[in-house]
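Colleague: Take the given structure of chain A and dock chain B to it, following the hints.
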Amino acid sequence: MDLSYTPEEEEFRARLREWLAKVLPTLPDRPAPEDWPGRRAYDLGWQRMLHDAGYADVHWDASPTTRLIFLEETEEAGAPYVGANFVGLLHAGPTIAAEGTAEQRARWLPPILRGEEVWCQGFSEPGAGSDLAALRTRARREGDDYVVSGSKIWTSHAEVADWCELLVRTDPDAPRRRGISWLAMPMDAEGITVRPLRTLAGSAEFAEVFLDEVRVPVANRVGAEHDGWRVTMVTLSFERGTAFVGEVLACRRVLGQLACAARENGRWDDPVLRRRLGRLEAEFRALWRLTQWNVSAAEVSGGGVPGVGGSLFKLRYSHARQDLYDAAADVLGPDRLDLDRPWVLDRLSSLSYTIAAGTSQIQRTIVAERMLGLPRGR
Amino acid sequence: MRFQLTDDQHALRAGVRQLLERRFGHEALRAAVDAPGRLDRGLWRALGEAGFFALRLPEARGGVGLGLPEAVLVFEEAGRALLPGPLVATHLAAGSVPGAATGETVVAAVDGELVEWLDGADAVLGDTSGAVPLRSLDPLTPLHRVPVAGVTDPVGSLLTAAEQLGTAGRVCELAAQHARTREQFGRPVGAFQAVQHLCADLLVRAEIARVAVYAAAVTADPADIAAARLLADEAAVRGARDCLQVHGGMGFTWEADVHLHLKRAWVRAQRGDGDTQSEELLAARLAG
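Chains A and B, in that order, give the protein sequences. Going letter by letter, the first sequence gives residues 1 to 378 in UniProt numbering. Going letter by letter, the second sequence gives residues 1 to 288 in UniProt numbering.
Isolated chain B (complex conformation):
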């Protein structure tokens, strides 16, 4: 049993992080916030070229031929970078919707009662009749509401959990960074126990979510995925809130990125089955 990243997996993660830093750094993120609803097609194709969508397709079908653990690492990086777009839906459509695998086609999907990026997509999976636009709380995720709820793919739920994990890790870094540098009462706020303990809890939640997500990627067991989803949602949402708190007044401003992480974490937490179904599935396992 070597429940650790392999060298190849470390390299994959580092490569994706570099790509995203280059193609979707802080300036690109802020530009996207200023131009909501517009998907960067060039970036999307670059993701396609890098194998983001075709990652799990067999090589015989033009894919990269990797597995769920690698997909989870890639989506974790996407979550860290706050990468916008219907990433999970397009990834799941690779191999069935022409052009999805290469990033030529942007695919959205009905997930629960919501559709992300309905207007920006080239293809939409699921019944979108009667879709009504919402004024989305997340400036980087346009949303429609649909009357007929769509079915959730467990793999999609796991990839969402991976994105949440990326957010959880990132907000923990941001909180610790701020706590180390921001001075009040003549010393860094990170020297105050109240702030230290907020930051410690951020890390604990992120790390427990991490092992749950990675294990679920190895086993693909529905109960493991449900557990991963519960813990990753919690780590991302509560983590982003605590990160905002650590940032004090700055955290409440539009200029700080913290709110973008929190809003995206809320959007992802809404995807698919949600807490109730995950908890019920796990409870059923217990009594079964």
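Looking at chain A on its own, in the form it has when it is part of the complex:
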């Protein structure tokens, strides 16, 4: 068991730290959450800067430890998060890299890395959320195209995306999981209507997407026809396995800020609150150790697709995040109801964490059935 880094890794860290110190002061402020085009431009701009400096592919090609250092340093320095590039960099990109043909990799991966194209995720449907296999959006084959009809929901970045990683039912007669295919759908295709949805936090960060006879080339299918479920499991394991890692560090920083704020407003003198913050510190320390453990496991196994261990992490982390912002509310006192105060919006946003990317209940079932070997049930 070793928590130290190699000289090469420390050298990477030093170089990155130096670069961040140089470029971050030159960045403009990130546009407001409701300004989606502005956000898109900003997030793509940041990805472009990373690309030009040689850090673009850190999420894919770098060793797991190097990636961990990248997340540590960018978070520490207050660098922008992946933002609108989230789906492309963390879901679609790794999936295409793992399952796509050489042509597909050449077509879609470089623009993601260069900060030229934004992806969104067309998985969930009104009748298929955590029960993803219930999806009904149909794709029938017509010559070299699939003709797609149906609707998707909770699609983040849909308004500003160039591509959608889309799950469609290509064989309606096959058992639920056997008739699904994974398509890359251009968002400017005819027949696509995007209708923004307002979240409980007041922002319009996701949307409904309606698909009316949308033509998607068969060549845009990643993986075999009807084999989309397996491809999707690859995508989801990336989503659960690695997508939240950088956020643990952000939470630790927030926790430190809460302690400072509590000292300033006198709530630090309340031993119950103080101890609660202490316990949260234990929690986030351990979540960071779990991250390091999983990264090391990936390093030993030669990287690749994260395992079901991601479910365990996601489950614990999503609840810890909610506990953190509940504690923030107690630090704020009556100001907890003021949307202009820091952490109040974050508290509202944190409510999505136990739902998105598979609810906590689904994650528990995964842990029980796949890690503990309990019989399948419903």
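Here are a few chain A residues that sit away from chain B, every Cβ distance over 12 Å (derived from the structure): (1) E76; (2) A174; (3) A189; (4) V218; (5) D227; (6) I355; (7) A356.
Stretch-level coverage of chain A by chain B, calculated; a stretch enters the list once three of its residues show a Cβ under 8 Å from a Cβ in chain B: (8) 287-293; (9) 310-319; (10) 368-376.
Stretch-level coverage of chain B by chain A, calculated; a stretch enters the list once three of its residues show a Cβ under 8 Å from a Cβ in chain A: (11) 4-12; (12) 187-199; (13) 204-217.
Rather than coming from a laboratory, the hints here were simulated on the basis of the structure. Think of the CB as a built atom: it goes at the ideal place given N, C-alpha and C, for glycine as much as any other residue.
Modeller: For chain B alone, kept in the frame of chain A given last:
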């Protein structure tokens, strides 16, 4: 960074598990329950020979020369096996109390306001004047209460956390095993979501405690140890309770081992500084 067990550490863990299965299997555990307060001196010497107590002593002083990570793995196995005796106190006394390192001398110590195995020990560290025996809730841990609280060694706290981790892992296995085999309503109870989710939470708590304990063994940082202790206590105590729940009516019987795990987890959680001090230490780190 290779925050994983090395091959040697895997081998050490497997070796200790085998030793304990051979020397302190289920029958020995039950025999010990039937004869409370008696320490198996033969077993204690065998532990000494295996290097259990001298593990961290330098080779130049007759020890094994290993570190805290290895000690944590060994104590995790001891926790799994419900091994009785003042293991932590004797381990910490190796090198300072003659015979402790080899298992010839059983050493107890005042830890917080309690002393475990006061009557069964050959040497006791700390002020035991005014010690009063308790009718111990754990049939495998005789207890005395003392008026003057003893000081807690952070390493002792970490080794206690390691024992709790052993319990957390074991009760998770026991719960899953029972859920896979026990049938109700015509199918294994593990197919019911309510039972599945109890078991999943057992594993999640055990695994988060595991990384916290292992990391604290690598860094030996007091805040890491405090975090490890909080999470391991929680994983063991709540884990044992949930395991008991999964066992249903059987879990409430003396015959099932579940209560032994829960009672020991409660005893260990009482050792040393406890939750309040750990949480305060971590809070101080936050604001510091």
